[in-house]
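Q: Residue numbers (this note's numbering), protein chains in the order written: chain A, 4 to 53; chain B, 720 to 1105.
There may be inaccurate statements among the hints.
[To be verified] Straight-line distance between alpha carbons at most 20 Å, and here's what the computed EDC-like set of lysine to aspartate or glutamate pairs gives:
hint : chain 1 : residue 1 : chain 2 : residue 2
1    : B       : Lys874    : B       : Glu1006
2    : B       : Lys744    : A       : Asp17
3    : B       : Lys734    : A       : Glu26
4    : B       : Lys906    : B       : Asp1005
5    : B       : Lys1015   : A       : Asp28
6    : B       : Lys906    : A       : Asp17
7    : B       : Lys734    : A       : Asp28
8    : B       : Lys906    : A       : Glu25
9    : B       : Lys906    : A       : Glu26
10   : B       : Lys1015   : A       : Asp12
11   : B       : Lys877    : B       : Asp1004
12   : A       : Lys22     : B       : Asp730
13   : B       : Lys744    : A       : Asp12
14   : B       : Lys906    : A       : Glu13
15   : A       : Lys22     : B       : Glu1006
16   : B       : Lys874    : B       : Asp1004
Hints in this document: simulated from the structure, not taken from any laboratory.
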Amino acid sequence: MTRHTHTTDETGFDYMTNKGVEEQDRDTLGILFAVAIMAVITVSQYLGLL
Amino acid sequence: MNTDSMAINYDLGRKSWFSALYGLKAVLPGLLAMFFVAIFSNNLAGVPNPFTLQNLFAWLDGVIGPVHHQSFFQVLNSNFVWNPLLLGLIIGNVFGVPDCWKRGLSYIHMLMPLGIIMLAPHFMIGHAFKLGAAPILICTVFLFLTATMTLWISKLFKLDDRHGSIIAGGLATGDPHVCAILMPLIKAKGGQVVHSTACVIGFGLVSMFLLPVLGDWIGLTPKAMGLASVVGVGNNAQSLFAAFGSSYEAGRWATWYDVGRHVIMPAGFLYVFIVMFVRKLKRRDDETVMATRGIKTFPIWLGVFVFLWVLTCLHLFKEPAHHAIFEMVKWDFSLAAGALGLSMSFREITQHGFKGVAVTAVAGVLRIVLLLAAIALCAKTGLLAA
C-alpha cells in the first residue's frame, strides 16, 4: 500500500483517518469545548459582562 | 502500519478523552502551522494582522470594482473557509507537509464538530417569518426537492454516493459551506469535498447569468425575480448578482428574501445525512454504499447541534453573544480548513473528473425550471403578491 505523503508520517500515523475510540474521544472533546465556549459567552451576556 | 493497527495503538495508550489531544510537544508544530495559515488567510478576532488573503482580495475587489453591486471575490465565494483551504492547498502542494505537523493537524477532527455545534446560534428561524408563508414554503420545498433530485441524479450517473451527497447538500442549501459541514457526517474524502464545492460554486457562476435571462423571458416581477435568485442560484453574492443583473428592485428583494434560504440551511445537511445514514443502515452489506460508512449510531455532537438550534429558535442566544460565538466559529473553521487544504494534492481534487460537474448541472438546471414554474404559478394565483 502506498503512503499518502501529505497526511501520513513515517510511523504510519494518518492525520485524516478518524475512526474507533479515537474518533469518539475527538467528538467528545469537540462537544465539551463547543458547549464550554458558548456557555461562557452566553452567560457573560446574561450577566451583563458582554 | 495500517489504520487498524493505528487504532489499536491509540486504544492501548488511552487514559481518558483527553488522550486524543496527544502531548503538547507532538502537536505544537502542526497547531502552529494551522494557526499561521489561519491568521494569514482571514481577519480573525483578536489578530491585528493586515497581511491576509482576505485583505488582498478586498484590495483587488477595489481595483476591479463592483460587479452588479457585488464584490468580485464574494461572487467567487471567498470566505473564512475557502481562504485558508486555498492557502493550505498551495503550501502543501508546493512545499509538502513535514511529518512533525501531522499529529497537530489531526485536530481537524475535533475542530469540525466543535465549529458545527457553534454554528447553531446562526440560524434563527423566526428571522424568516417576516417573508410570509408562500416564500418560506418555496424555500423549504425547494431545499428538500433539490437535495432529493441531486441524490437521485447522482445515483443515475453512478457517481460515488459520498460525492453525490456533498453536492446535494451544497446545491440544495445554496451554501457551499455545507460541503465542508457534511464531510465528517458523510465520511467523504477531502478531494470529494473540494471538488463538490467547485461544482456548486461553478454552477452558481453559470446560473447567475442564466436566471435573469429566463426570469425576464417569462416576465417575472422584480419581487418574484428576487425570490427566484435566492432559491435558484443561492451562494449569497451569486444570488444577489443574478437579481441585481435583472433589476435594482429585484436585487433589493433578493437581499430581503435571502434570510429564508439561510435560516433553514441546517435542515438541508441534516436531511442529506439522515437519508444517507438510513440507506446505509438498510444496506449494511452492500459494499457500494460508502456514504456514512463507519458511522454506527446517530452522532451525539449532531444531536447537540440540533438541541442548540432549537434553543436558538427560542431566542436564547442574543446579540452580541451570537456575534462573539460566530467569531469563534471563524477561528475554528479557519484552523480546520487550513489542515484540510494541507491534506490533499491537486490531483486528488481533479481525479473526480466531470461526472460531479454533470450531476450538479443537471440537478441545478432542473431546479431552476421547476422553481420558475412554481413562482410563475404563485404569481398568477396571487399567492405571491406583485
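Q: Now look at each hint and say whether the structure bears it out.
A: Right, here's what the structure says about each hint:
1. The hinted pair formed by Lys874 (chain B) and Glu1006 (chain B) meets the criterion: a straight-line CA distance of about 15 Å does not exceed 20 Å.
2. For the hint pairing Lys744 (chain B) with Asp17 (chain A), the CA-to-CA distance comes to about 18 Å; that is within 20 Å, so the pair holds.
3. This hinted pair checks out: Lys734 (chain B) and Glu26 (chain A) have alpha carbons roughly 15 Å apart, not beyond 20 Å.
4. A C-alpha spacing of about 16 Å is found between Lys906 (chain B) and Asp1005 (chain B), which places the hinted pair at or below 20 Å, so the restraint holds.
5. Proximity of Lys1015 (chain B) to Asp28 (chain A) is assessed by CA-CA distance (about 15 Å); at most 20 Å being required, the pair is judged to hold.
6. As the CA atoms of Lys906 (chain B) and Asp17 (chain A) are separated by approximately 15 Å, the hinted pair is consistent with the 20 Å bound.
7. Taking the CA atoms of Lys734 (chain B) and Asp28 (chain A), the gap is near 11 Å; set against the 20 Å cutoff, the hint holds.
8. The suggested pairing of Lys906 (chain B) with Glu25 (chain A) holds, with an alpha-carbon distance near 15 Å, which does not exceed 20 Å.
9. For a cut-off of 20 Å, the pair hint linking Lys906 (chain B) to Glu26 (chain A) stands: about 12 Å separates their Cα positions.
10. For the given pair, Lys1015 (chain B) sits about 28 Å from Asp12 (chain A) by alpha-carbon distance, which is inconsistent with the 20 Å threshold.
11. For the hint pairing Lys877 (chain B) with Asp1004 (chain B), the CA-to-CA distance comes to about 19 Å; that is within 20 Å, so the pair holds.
12. Annotation: proposed proximity of Lys22 (chain A) to Asp730 (chain B) holds, straight-line Cα distance about 11 Å (limit 20 Å).
13. For the given pair, Lys744 (chain B) sits about 16 Å from Asp12 (chain A) by alpha-carbon distance, which is consistent with the 20 Å threshold.
14. At most 20 Å may separate the alpha-carbon atoms for a hinted pair to count; Lys906 (chain B) and Glu13 (chain A) exceed this at roughly 24 Å.
15. Between Lys22 (chain A) and Glu1006 (chain B) the alpha-carbon distance is near 18 Å, which keeps this suggested pair within the 20 Å criterion.
16. Taking the CA atoms of Lys874 (chain B) and Asp1004 (chain B), the gap is about 18 Å. The hint holds against a cut of 20 Å.
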